[in-house]
Amino acid sequence: MSNQNHRNRYRWRILIGQIVLLIACLGIIEYLVRAEIVGSLYLSKPTQVIEEIYKLFSNGEIFHHLAVTLKEFAAGYLLSAFAGVATGLLLVLIPHAEVFFRPFLSALLAIPKVTIIPLLMLWLGIGLSHKVAIVFLFCFFTIAFNTITGIKQTAEAHLKVARVFEASKLQTVMKVILPSAAPTIFVSLRVSAATGLVGALFGEMVASKDGLGNLLVQATSLYDTAKAFAIITIVTVISVLIIAVIDLLEKRIVLKWKSS
Amino acid sequence: MEGFSIRGVSMVYGGATPTETLSDINLTIEDGEFLSILGPSGCGKSTLLEILAGLQLPTSGEVWFGGKKLKGPGIERGVVFQDPSLYPWRTVYKNVELGLEFRGVAKSERREAVQRYLDLVGLSGFEHKYPHHLSGGMKQRAGIARALANNPEVLLMDEPFGAVDHLTRLQLQDDLLNIWEAEKKTVVFVTHDVSEAVFLGDRVVLLSPRPGRINQIFQVPKHRPRKRDDIELLKIQNDIYAAIHEVKSSDNLEFTI
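Top to bottom, those sequences are chains A and B. Residue numbers are given in full-length UniProt numbering: position 223 of the first sequence equals residue 223, and the series is strictly consecutive. Residue numbers are given in full-length UniProt numbering: position 239 of the second sequence equals residue 239, and the series is strictly consecutive.
Each pair of labels, with its calculated beta carbon distance range:
{"no.": "1", "chain 1": "A", "residue 1": "F101", "chain 2": "B", "residue 2": "A242", "range": "55 to 63 Å"}
{"no.": "2", "chain 1": "B", "residue 1": "V105", "chain 2": "A", "residue 2": "R13", "range": "50 to 58 Å"}
{"no.": "3", "chain 1": "A", "residue 1": "M174", "chain 2": "B", "residue 2": "S41", "range": "32 to 40 Å"}
Hints were generated in silico from the structure; no laboratory data involved. Only a predicted model underlies this, so the values are computations on that prediction, with no experimental measurement involved. Glycine residues also receive a C-beta, built at the ideal position from the N, C-alpha and C atoms.
Please build the complete structure, drawing on both the sequences and the hints.
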C-alpha cells in the first residue's frame, strides 16, 4: 500500500517537473520575441500562437481544411491497410509467390516515395486521388512486409492443431494465421499512421487547392509565422490522436492476450 | 474390436543422408485400450504418434483405423500435444471450443460440450482466463479438454506431462485415468518415463532407437485402480529397465567394434 503511495508521489513529481520545463521553454520563447531578441518573422510568441489557433477555429477556416486532410489520410490509410494485409497474405499463402515477387516489392519499397509525387500529379491531378495515392504509397509496403513477417512467425504447433481439427484453409487463415500475425501487423499500422499523415500533408504542400498542408504553405508564403505555428500545433495534436486510436484498437484486439 | 492396425510402417526422412526414423512397425491397438509407447528420445515415438494422427504419412506401410486406411487427420482421433499449443489469443473457453467451432457445431451445443469437459478436467472457473495466466499443468488440462470436446474415439497423447513438475504430473496421471475410465476412449500415450508408462498403460510398447523399432511389448496386469508401489508394476518397470539397458550395451558394442 505504502509502496503504491510512494510510486504515485513519484509519478506526480515527475509530471510537475515536466510541466514546469514546458512552461519555462514557452516562457523563454515568449520573452525572446517580446524583447525583440528574435524577430517575430522567425519565431512567434506562444500567446499569439494560441490566439491564432482560437481564431482558426472560431472563424471556421480550419474545419474545411481539416476535413480535406483527414479524408485523404483516412482513405489512403484504410486502403493501404487492407491491401497491405491482403498482399502479405496472398504472397505467403500462394506457394512460391513471395520468392518470386520479393525483389520487385523490395525495389518498389526502395524508391523514395516523395520523388513520385510530381509524376502522380501528372497522372491524377492535384485533388483527392493524388493525396490518397501518396498516403497509400507511404503506408502500403510497411504493412505488407510486416504482414509477411507476422504470418511467417505463426507457430508450427498452432497450425498442427488446426490440421488435427480439419480446419479449412479459410478457417486456418482467419482463426489461426491472422490472429497470430496481429501483433506484428499492428506495429506497422502504428508506424504507417504517422507516415501516412506526413504523406497527406506533404502532398498538399507540393500541389493542392486545400488541406492543412496547403494552409501551412499559404501562411508561410505570407510570412504569417504565428499562423504557421498554429497549424503545426494542430497537425501534431491530430497525429497524436490518430496514434492513440490505433493504440486503443491494439489494446482491444491484441494486448489483452499478450503477457505483459 | 480392432482400433488401430499398424502394418509394416517405416519412416525415412530424405535429404543428403536419409535417416530412417521408424523401421517396420507392426502393432495392433485394441479399441478402448490404454497403450503406452515408451522410448528414449530419437526413437521416433512422436513420429509414430503423428502418423496415427494423420499429420504425417509413412514412407512405407500403412495404418488402418476402424476398418479404413488412414489418409490424414480426422475428428475421430483427438491429439494432445507435448506443448499444449493453446492459442494465446483465445480464452480457455474459446480454446476448448476450437474443434467444435471449426466443424460448425451450433453455439448452444458447443457451450454444453465445453462446460462439460472443462468440469471433467477440473478447469471450471477458468473459462475466461487467457493461456498465459495458467500454470503448465492447467494448460495441459485445457489441451486435454480441447481434444475431448470434439468427442473423438481415440486420444493420441504426445508426452503431454513432460513439461510439468513431478507432483503435478502424478496428479495429472490420476486424473487422466479417471477421465479414461469415465469416457471409455482408446488412449495412445507416448512418454519417455518408465513408471508413467507402466502406471497408465494396459500394455507398454518399448521402442529402441535409430531406427525406431519395436523392441518388446509388456503386458501390465489388468486390475485397476492401481497403486504406484504395486509389486507387479515395479517388477515390470525393472524388466523394462533391463530391456533398455540391453539395448544400450549392444549399441555400445556396435560402436566399439
